[in-house]
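Protein chains: 2
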Amino acid sequence: MVQTVGGLEVRAKEELFINLEPLQRGGIMPAEARKAALSYIDGYSTCDYCVGTLHLIKKPPIANFLEEVAGFLGMDFAILTNGCREAKFAVVHAITKPGDAIVVDANRHYTSYVAAERVGLAIYEVESTGYPYFQIKPEGYAKAIEKVKAETGRLPSLVLLTHVDWIYGNLVDAEKVGKICEEYGVPFLLNTAYSSGRMPINGRGLKADFVTCSGHKSWAAGAGTVGILAIRKEWAEKVIKSSKEYKVKPIEILGCSARGSSTIALIVSFPFIKERVKHWDEEVKKARWFSSQMEALGDIKQLGDKPHNHDLIRFDTPAFDRIAQKHRRRGYFLYEELLGRKIAGIKAGKTKAFDLSTYQLTNEQLKYIIDSFKDIIEKYS
Amino acid sequence: MVQTVGGLEVRAKEELFINLEPLQRGGIMPAEARKAALSYIDGYSTCDYCVGTLHLIKKPPIANFLEEVAGFLGMDFAILTNGCREAKFAVVHAITKPGDAIVVDANRHYTSYVAAERVGLAIYEVESTGYPYFQIKPEGYAKAIEKVKAETGRLPSLVLLTHVDWIYGNLVDAEKVGKICEEYGVPFLLNTAYSSGRMPINGRGLKADFVTCSGHKSWAAGAGTVGILAIRKEWAEKVIKSSKEYKVKPIEILGCSARGSSTIALIVSFPFIKERVKHWDEEVKKARWFSSQMEALGDIKQLGDKPHNHDLIRFDTPAFDRIAQKHRRRGYFLYEELLGRKIAGIKAGKTKAFDLSTYQLTNEQLKYIIDSFKDIIEKYS
Numbered sequence: 001m002v003q004t005v006g007g008l009e010v011r012a013k014e015e016l017f018i019n020l021e022p023l024q025r026g027g028i029m030p031a032e033a034r035k036a037a038l039s040y041i042d043g044y045s046t047c048d049y050c051v052g053t054l055h056l057i058k059k060p061p062i063a064n065f066l067e068e069v070a071g072f073l074g075m076d077f078a079i080l081t082n083g084c085r086e087a088k089f090a091v092v093h094a095i096t097k098p099g100d101a102i103v104v105d106a107n108r109h110y111t112s113y114v115a116a117e118r119v120g121l122a123i124y125e126v127e128s129t130g131y132p133y134f135q136i137k138p139e140g141y142a143k144a145i146e147k148v149k150a151e152t153g154r155l156p157s158l159v160l161l162t163h164v165d166w167i168y169g170n171l172v173d174a175e176k177v178g179k180i181c182e183e184y185g186v187p188f189l190l191n192t193a194y195s196s197g198r199m200p201i202n203g204r205g206l207k208a209d210f211v212t213c214s215g216h217k218s219w220a221a222g223a224g225t226v227g228i229l230a231i232r233k234e235w236a237e238k239v240i241k242s243s244k245e246y247k248v249k250p251i252e253i254l255g256c257s258a259r260g261s262s263t264i265a266l267i268v269s270f271p272f273i274k275e276r277v278k279h280w281d282e283e284v285k286k287a288r289w290f291s292s293q294m295e296a297l298g299d300i301k302q303l304g305d306k307p308h309n310h311d312l313i314r315f316d317t318p319a320f321d322r323i324a325q326k327h328r329r330r331g332y333f334l335y336e337e338l339l340g341r342k343i344a345g346i347k348a349g350k351t352k353a354f355d356l357s358t359y360q361l362t363n364e365q366l367k368y369i370i371d372s373f374k375d376i377i378e379k380y381s
Numbered sequence: 001m002v003q004t005v006g007g008l009e010v011r012a013k014e015e016l017f018i019n020l021e022p023l024q025r026g027g028i029m030p031a032e033a034r035k036a037a038l039s040y041i042d043g044y045s046t047c048d049y050c051v052g053t054l055h056l057i058k059k060p061p062i063a064n065f066l067e068e069v070a071g072f073l074g075m076d077f078a079i080l081t082n083g084c085r086e087a088k089f090a091v092v093h094a095i096t097k098p099g100d101a102i103v104v105d106a107n108r109h110y111t112s113y114v115a116a117e118r119v120g121l122a123i124y125e126v127e128s129t130g131y132p133y134f135q136i137k138p139e140g141y142a143k144a145i146e147k148v149k150a151e152t153g154r155l156p157s158l159v160l161l162t163h164v165d166w167i168y169g170n171l172v173d174a175e176k177v178g179k180i181c182e183e184y185g186v187p188f189l190l191n192t193a194y195s196s197g198r199m200p201i202n203g204r205g206l207k208a209d210f211v212t213c214s215g216h217k218s219w220a221a222g223a224g225t226v227g228i229l230a231i232r233k234e235w236a237e238k239v240i241k242s243s244k245e246y247k248v249k250p251i252e253i254l255g256c257s258a259r260g261s262s263t264i265a266l267i268v269s270f271p272f273i274k275e276r277v278k279h280w281d282e283e284v285k286k287a288r289w290f291s292s293q294m295e296a297l298g299d300i301k302q303l304g305d306k307p308h309n310h311d312l313i314r315f316d317t318p319a320f321d322r323i324a325q326k327h328r329r330r331g332y333f334l335y336e337e338l339l340g341r342k343i344a345g346i347k348a349g350k351t352k353a354f355d356l357s358t359y360q361l362t363n364e365q366l367k368y369i370i371d372s373f374k375d376i377i378e379k380y381s
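Listed in order, the protein sequences are those of chains A and B. Residue numbering for the first sequence follows my numbering, beginning at 1 and increasing consecutively. Residue numbering for the second sequence follows my numbering, beginning at 1 and increasing consecutively.
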């Protein structure tokens, strides 16, 4: 029987399953953050002691938190946004104008493209190396900037790099891209939706002008959605500029953004985040072990960086696709076999290739997952 | 001793106090919504069964909910946004261009102005009638539109009306404004942040092209923030247009907006909302009774519509300001006297004038509040 709450199915994905969904593994909230979010769950709960704008509120300690976050990311200022995409759009909208050019990587999240499209930019792409590694080479940015110069007579208004992408979990050498941007004098936005909150980030060291972060994706902050826009002080005036009429209201976030318990979740999860990024090397080690074990099952090939540098891993999986071809449930068989083994998060219908995340799973859980995949292959062989 | 959760003070404003904060009274979540929001509190919890874009998801029943909401508001389509301000900006950004003119009312929320400013519009204002009623007369819109025509040679690209404003709680005759817009052929955005979710709204009847709503302000949906943008079908193509590259991702909401438990809160609170709007006349009755009782205390004057048509009420309060002048705590005395009587939500330091909301308070609670104000006046007389 399905258990319901308020007419909806109770969501107990973390309680009843091992969840491999890369979108969700970094957004699982620790108990303290869940409790605090519930305490602040009513509308405008952050605004009991409003001082005119969300990011300056002292109680709850939003202003102090943001100051700490700026330091944590190696940047000068940080403000809250409704999410990482909204942080990207805020920058794009603030510093570019329709017809300008932007350079983005081929592995970008769709929202990087849509943010640029919403402003009306010409989008230039840095190609990946293609199958099987799909890497973004920093040198590609120099080439793309030159192309913009040649075709438009001007430099691009912004360069965007997806630090770790959502398809292959590839980690790009952001510092090299930062240096190229510095040499050309082009502002550099580093999208860390899959990196900050999981691994240590030093924006200044990477020569980033802007660092955008996803609270609900990688900072263990759910409730609604929430993001962070961290910037270097040189850009503060342009990007956090206030309304002419309303002096404490930054235009690019329409005054105040995540004015509710998602911000509370972000604050309460922060000590947990500061601790967990110290153990990133262990996460990479687990991911590499997992990848090698998957390939050892036969006819499975890990794509992207090799050795891998992130918990998000994509596999080509002919081993499963062959079974699907003959199975009465076709592509759905794998999803269902896994669910039966209490493993969730591989998208229904995917058997040719799929991505998953090993983030914060234990060695025992990872071993159980490998055994389960092995079991499924053996069942149908 | 202050109780804490995750290092933050536990928020128990609704549990320990009668809360009069107009920003918060319509965003208090019913128990079922709190429970459901907690069940879906992890990051991207709405996206377990993603179909490419948030507003089309079937499980949880987001698509179905939005269809119902469109009907409930008397509109053709509804999509989720991060909040009401984000819904307004989506419309402004989609249908106007820098240099265009917009007509707004003088009682507008600051975000209506900032949304227009962010796009670079020329902002024309419909004046209010000034002290003491501060009403927006629909005829003022015809005058403002004529002014735009005379000064720019073109019609404004958009007209925005604040259905119920945040300062005086005045309810404007939106249908008359809608008719004026229809006659001029100018699109009409109705900001219902303080009306929909509290009182019945029929967007089509009011001749609105766009209705923007605040989940956390008036639809009992907290968690993070969440809004609704409801539109007439004639505008769907322009306002919900998709990315050229990503066909299921609407540009103006960057693909997906409130992808977390704030949307769950909105869905689960909806049956409660449908029921409560039926009792709006009782809320108006309570507000009027409260206003008359306040004025009967002497040297207190209700501003705005009279008789009043909304639970948000603003008072000029020389009765309290006189006490403040002589009190060692000055303006803070009233805040502290009220807190001592377990009444919260009148801003600290306000004694010359303040606003409050009577929304969903019982007759007994309202009587207790009146008695408390009386008690405070007597204590210092």
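Some hints could be false.
As the list makes no split between identical chains, a pair holds if one copy fits it or if it spans any two.
Stated by the list, open to error - Calculated lysine to aspartate or glutamate pairs in the EDC-like style (CA-CA distance at most 16 Å, straight line):
(1) Lys241 with Glu117
(2) Lys35 with Glu9
(3) Lys143 with Glu67
(4) Lys247 with Glu237
(5) Lys379 with Asp321
(6) Lys97 with Glu117
(7) Lys179 with Glu146
(8) Lys342 with Glu21
(9) Lys207 with Glu68
(10) Lys350 with Glu275
(11) Lys278 with Asp76
(12) Lys347 with Asp305
(13) Lys326 with Glu117
(14) Lys286 with Glu9
(15) Lys347 with Asp48
(16) Lys342 with Glu295
(17) Lys352 with Glu125
(18) Lys352 with Glu15
(19) Lys326 with Glu127
(20) Lys350 with Asp48
(21) Lys149 with Asp100
(22) Lys247 with Glu117
Read the hints as simulated data drawn from the structure, not as lab findings. As the structure is a prediction and not an experimental result, all values here were calculated from the model.
Checked hints:
Taking the shortest alpha-carbon separations for Lys241 and Glu117, only the inter-copy value of 12 Å comes in at or below 16 Å, while the best intra-copy value is 22 Å. Taking CA atoms no more than 16 Å apart as the test, Lys35 paired with Glu9 passes between copies only; the shortest distance there is 12 Å, against 21 Å inside one copy. Proximity of Lys143 to Glu67 under the C-alpha cut-off of 16 Å is found in neither arrangement, the shortest distances being 36 Å within a copy and 48 Å between copies. For the identical chains of this complex, Lys247 and Glu237 are intra-copy neighbours only, at 13 Å inside a copy versus 35 Å across copies, given an alpha-carbon limit of 16 Å.
Only within a single protomer do Lys379 and Asp321 lie at most 16 Å apart by alpha-carbon distance; the minimum there is 14 Å, versus 81 Å between protomers. Within a single copy, Lys97 and Glu117 get their C-alpha atoms as close as 11 Å, and across copies as close as 15 Å, so both meet the 16 Å cut-off. When the C-alpha separation of Lys179 and Glu146 is checked against a cutoff of 16 Å, the pair qualifies only within one copy, where the shortest distance is 15 Å, while the shortest distance between copies is 54 Å. Proximity of Lys342 and Glu21 under a CA criterion of 16 Å is satisfied intra-copy only: 13 Å inside one chain copy versus 46 Å between copies.
Taking the shortest alpha-carbon separations for Lys207 and Glu68, neither the intra-copy value of 19 Å nor the inter-copy value of 49 Å comes in at or below 16 Å. Taking the shortest Cα distances, Lys350 and Glu275 never come within 16 Å of each other, neither inside one copy (35 Å) nor across copies (43 Å). For the identical chains of this complex, Lys278 and Asp76 are neighbours neither inside a copy (22 Å) nor across copies (51 Å), given an alpha-carbon limit of 16 Å. Taking CA atoms no more than 16 Å apart as the test, Lys347 paired with Asp305 passes in neither setting, with 22 Å inside one copy and 55 Å between copies.
Taking identical chains as interchangeable, the C-alpha atoms of Lys326 and Glu117 are never at most 16 Å apart, the minima being 43 Å within one chain and 59 Å between chains. In this homomeric assembly, Lys286 and Glu9 never come within 16 Å of each other (Cα to Cα): the closest approach is 33 Å inside a single copy and 37 Å across copies. For a Cα distance limit of 16 Å, the shortest separation of Lys347 from Asp48 across copies, 9 Å, qualifies, whereas the shortest one inside one copy, 41 Å, does not. Taking the closest pair of Cα atoms, Lys342 and Glu295 never come within 16 Å of each other, the shortest separation being 22 Å inside a single copy and 64 Å across copies.
In the homo-oligomer, the alpha carbons of Lys352 and Glu125 never lie at most 16 Å apart, since the shortest distance is 27 Å inside one protomer and 59 Å across protomers. Taking the shortest Cα distances, Lys352 and Glu15 never come within 16 Å of each other, neither inside one copy (28 Å) nor across copies (53 Å). Neither within a single protomer nor between protomers do Lys326 and Glu127 lie at most 16 Å apart by alpha-carbon distance, with minima of 37 Å and 72 Å respectively. In this assembly of identical chains, the alpha carbons of Lys350 and Asp48 lie at most 16 Å apart only when taken from different copies (14 Å versus 47 Å within one copy).
Taking the closest pair of Cα atoms, Lys149 and Asp100 come within 16 Å of each other only inside a single copy of the chain (11 Å); across copies the shortest separation is 32 Å, beyond that limit. Only between protomers do Lys247 and Glu117 lie at most 16 Å apart by alpha-carbon distance; the minimum there is 13 Å, versus 29 Å within a single protomer.
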